[in-house]
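With chain E fixed as given, assemble chains D and H onto it according to the hints.
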Amino acid sequence: MDMVLRNIVKKQLLWISLAAISMFFASMLSAFIVEKADVVNWKEFILPNYFLFSTIIIIISSFLLFFIKPQLKKEKPIFGLVFTVLILGILFSYFQIKGWQQLTSQGIYLTGVGSNISGSFLYILTLTHLLHLVGGLVGLCISTIKSKQNLYSINNYLGLELTAIYWHFLTVLWVILFAFLKFY
Amino acid sequence: MSEHHKENFITKYIFSMDHKMIAKQFLLTGMFMAVVGMLMSAIFRVQLANPGETSILYNLLPSAWLNDSGGLNPDKYLALVTMHGTILVFWVLTAGLSGTFANFLIPLQIGARDMASGFLNMLSYWFFFIATVVLMSSLFVESGPASGGWTIYPPLSALPQAIPGSGAGMTLWLISITLFVVGSLLGGLNYIVTILNLRTIGMTMKRLPLTIWALLITAILGVLSFPVLLSCGLLLVFDRSFGTSFYLSDIIINGEVLHNEGGSPILFEHLFWFLGHPEVYIILLPALGIVSEVIAVNSRKPIFGYKAMVGALLLIAFLSFIVWGHHMFMTGMNPFLGSVFTFTTLLIAIPSAVKVFNYLATLWRGNIRFTPAMLFAIGTVSAFITGGLTGIILGDSALDINVHDTYFVVGHFHIVMGLSAIYGMFAGVYHWFPKMYGRMMNKNLGYIHFWGTFICAYGVFFPMHFLGLAGLPRRYYSNSAFPMFDGLSDINDLITFFALAGALVQVIFLFNFFYSIFKGTKASQNPWESNTLEWTTPVERIHGNWPGDLPVVKRWAYDYSKPGAKEDFILQTEPLKDGEIDH
Amino acid sequence: MNEKIYQMTNILIFIIVILVIAALVQIVRVSELLSEIKNQDVNEVTDNDNNTQGLLFLIIGFGFLVFVVWQMITWNHLLLPPASSVHGTQIDLLMKVSMGLIITVFFITSPLLFYFVYKYRGKKSNKAYFLSHNNKLEVVWTVIPTIALTALIIFGLKTWDNAMNVEVTESTQFIEVYAQQYNWTARYSGLDNKLGRANYKLVKGQNTLGVDMSDVNSADDKMAREVHLVVNEPVLLKFRSQDVIHSAYLPHFRVQMNCVPGITTQFGFTPNKTTDQMKESEGEDFEYVLLCNKICGASHFNMQMKFIVETQEEYDIWIASQDNLEKKLLTQK
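Chains as they are written, first to last, in the working numbering: chain E, 1 to 184; chain D, 1001 to 1583; chain H, 2001 to 2333.
Since the hints were made in silico from the structure, they are not lab data.
Cβ atoms here follow ideal geometry from the backbone N, Cα and C, with glycine treated the same way.
Derived pair list, reagent style PhoX-like, types lysine-lysine, alpha-carbon separation capped at 25 Å: (1) H:Lys2238 / H:Lys2201; (2) D:Lys1307 / H:Lys2136; (3) H:Lys2136 / D:Lys1206; (4) H:Lys2038 / D:Lys1519; (5) D:Lys1307 / D:Lys1577; (6) E:Lys148 / E:Lys76; (7) H:Lys2306 / H:Lys2222; (8) H:Lys2201 / H:Lys2327; (9) H:Lys2136 / D:Lys1562; (10) D:Lys1562 / H:Lys2119; (11) E:Lys43 / E:Lys98; (12) D:Lys1562 / H:Lys2123; (13) D:Lys1562 / H:Lys2127; (14) H:Lys2124 / D:Lys1566; (15) H:Lys2201 / E:Lys43; (16) H:Lys2123 / D:Lys1566; (17) E:Lys69 / E:Lys146.
Reference listing, derived: stretches of chain D covered by chain H, where coverage requires no fewer than 3 residues with Cβ under 8 Å from a Cβ of chain H: (18) 1145 to 1153; (19) 1304 to 1312; (20) 1348 to 1357; (21) 1384 to 1396; (22) 1400 to 1412; (23) 1469 to 1481.
Listing some non-contacts, in silico: residues in chain E with all C-beta distances to chain D over 10 Å: (24) Leu64; (25) Lys73; (26) Glu75; (27) Gly107; (28) Ser153; (29) His168; (30) Leu181; (31) Lys182.
For reference, chain E alone in the conformation it holds in the complex (with noise of 0.2 Å):
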């Protein structure tokens, strides 16, 4: 296979995961819509902050993926701009473990006695949001490594190039589920 047909396959590949992905976050949102229709059993709650400055990150890291491409066509260095996404990306995480911590001191749990249905269907989306997040943390090492070695050129950064795509579907992922929780 060339490498031009090994791009398009492996970019194919990739867009036909984020469906299935998107179909697993679709069936929860819908979940999470109807449960919360009944207004009896749903204890609402305020959103801690903390979401929303992880918002603000994750959308500033997807904006500055998109200098990756005109950097690399004046053949400029990208490890830069590569490393302050991953330090974004972690600072996310970090961002939303505070928001738990948050969650948890108001008294919203995910699980137990005290539990609602409202507070465990939050946790479950942040959560498995972050998880497929760190899929794209790992990506963005081996990137960061890469450019670092200079390993990367305009014609030669599929690997780059799939992880960016992954993180944008992550940041849009993220917006979607944030909008919902903020103002559902």
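Chains D and H only, in chain E's frame:
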């Protein structure tokens, strides 16, 4: 890809990345599980014919499953029914059918060296293998395997106190199905990307054999619906093991008041059936795709209405996403919603009918060659007519009131899946065995296998419609608790007789399959005189499929008995003659 | 079982299996050798084969159809008797019409299939007719099923609406049916025809249904282990479950509804044949019965409650003999 990697035993037979070997791995695992699933059904059919009594077949079970007088324990009856359903729906008819034929046929029929990613493909099998090991291990835990039906509705499947199998057995079931789904998704990704990108020169979408269309659409169905089972299962895992209340509320079990509040078991049913319904089409469509191929080749005629057949496949696939509620008519859902699902469900009968008529038109004025594969393909059409028609009763919500969860349903889904889809699988095995193993299966044993199966299978499942219309519920350990069912025991005995006879007939197939791998007569290049590309590869099968360049396609796949041609078939690689128009 | 017999039986079975496999091997080898002698390919499908198999499809195919007819005739008397409820009669009509349709289609397409494969059984000297498609035909056999199904859908939706959207009038009696592993309990709403509130947290001792005795409507409620209904009087059954999903299936009335913990479901109907009337036509042993129809545990197969349809007078006598909850729960501590 003429890469010369040295193959040792491990890379050739165990961790193979060659799609043909992976296909055979799926086939053999699927066949093994089919035997396990069939034995389970033989055991519980014996229980139904002789409730409470002991039987020689129970020797196959762990002794803890039997009571002091050697009879089967009621909860273990439910365990058998659950595992039978799980194994046959997922392991045999999904992995065994799609996994085998998608892997085997896609690169061969589209003219590719292998799948888009041999590595992902290999992973897809090994996830499946580990899922199999985990599922089988659940048979040996003390509290028994999952016992809440293959549909595992909570709260029953969430509470070990409600039935022992909902303890460790159910946990293992959930782990197993998660691995299974991941494996299926990895496979599906490959199938789609390979078909879209690796078709050889001249192989346009319009020249694809219908089998490939069916496998493509099945893969898309899988990618969009299996993840929902994962989310459904994830929420169940949390309810079972971590105290959440997604599906549970207001429960007192064995005197204990549970803390769960706010959850809904109906939510589970929605999520489950959102996969569950497309799942049965993931099972059926590859079988129909295989049958299209086998009928065309053996009628020596083009498949009638190629475009209509593709359209029907697409319509069935689309509609399959909006009918899931017909499994839930009696849950107390808003009646309006029930009406919507009745409407969409009955619509799906239309493309299904179109396919049957096209098969009949293909047979009309054909020159039919009765290979064992052809017998099974015809059997598929017969069963699809029979089973599909009773779907019209079940899809009508008002009629479902009295037949829901009765033997009428059991008869229906067995005839469409346990006959129609399995016959499609048999047809595929008999038809492509020469390509898989370079040898022919014995024809006469094939004939005996078909007729024995055809007669026994209808003998088992057709009478069930009457049991259902008599009001007999499914998943009953015994039918002797209600005097109103006493008159049905003769029918039950008849069904059990045919079930055991049918199970025995399969021994002929197993013998034929394994004997022929080693001692079958050597196959010729194109034993069925078929047009499709797989028959242009060497009989001895090589890595990369074609020794030289990839074939170039010049025509569609169905030029059988074309007027003016020398023979009654024309390979897809054969260039068009002057003045000849491609279909 | 005697251990020795058990072991002997297993050994015997093992030997039989080995012998069967050996026999099959020999049969196959013999047929292969015979073909070699005749200089034929043992696996080639000959015109003879086509004749045989085509004929078999005709015979066994039609045999199957005869078998179907035989089943329909022989087992017709085992099916449920005509519905004993008002909405049920319409369901039975829909069933007859739908069955009529699918049986007709079955007895047209199946014989066609078996006949075609017989008629067009292959001969080396024959050639098939190359016809790849016919768009007009596709339209015809798309439109006709569409029309038939549309008619069926309309009739079906009307019947469904009739069954599900039951009009609740003054005379509708409310009865709760409570499901648990593995029995049913009924709760009558008493003279006020209002069921008292209930909550699973209040289940205690004799109060097995968790009725809230502080609700004024609860005092006159009555619990029972069988359900008596007055003929031709509408009733609305309210379903609850204590533990897992059960399903209340009353086949003779064409009634079914899941009982789901955490939710109250309902089904309203009007019985129109008394138990005595049914005994006359179906036999002395006849009883209306409620079965569980959703897998619920080990004794799922034996979860039943008797239903009796009787005259107003008979009912009045029976209901008077049942203690109300005030008496049952508050005076017995």
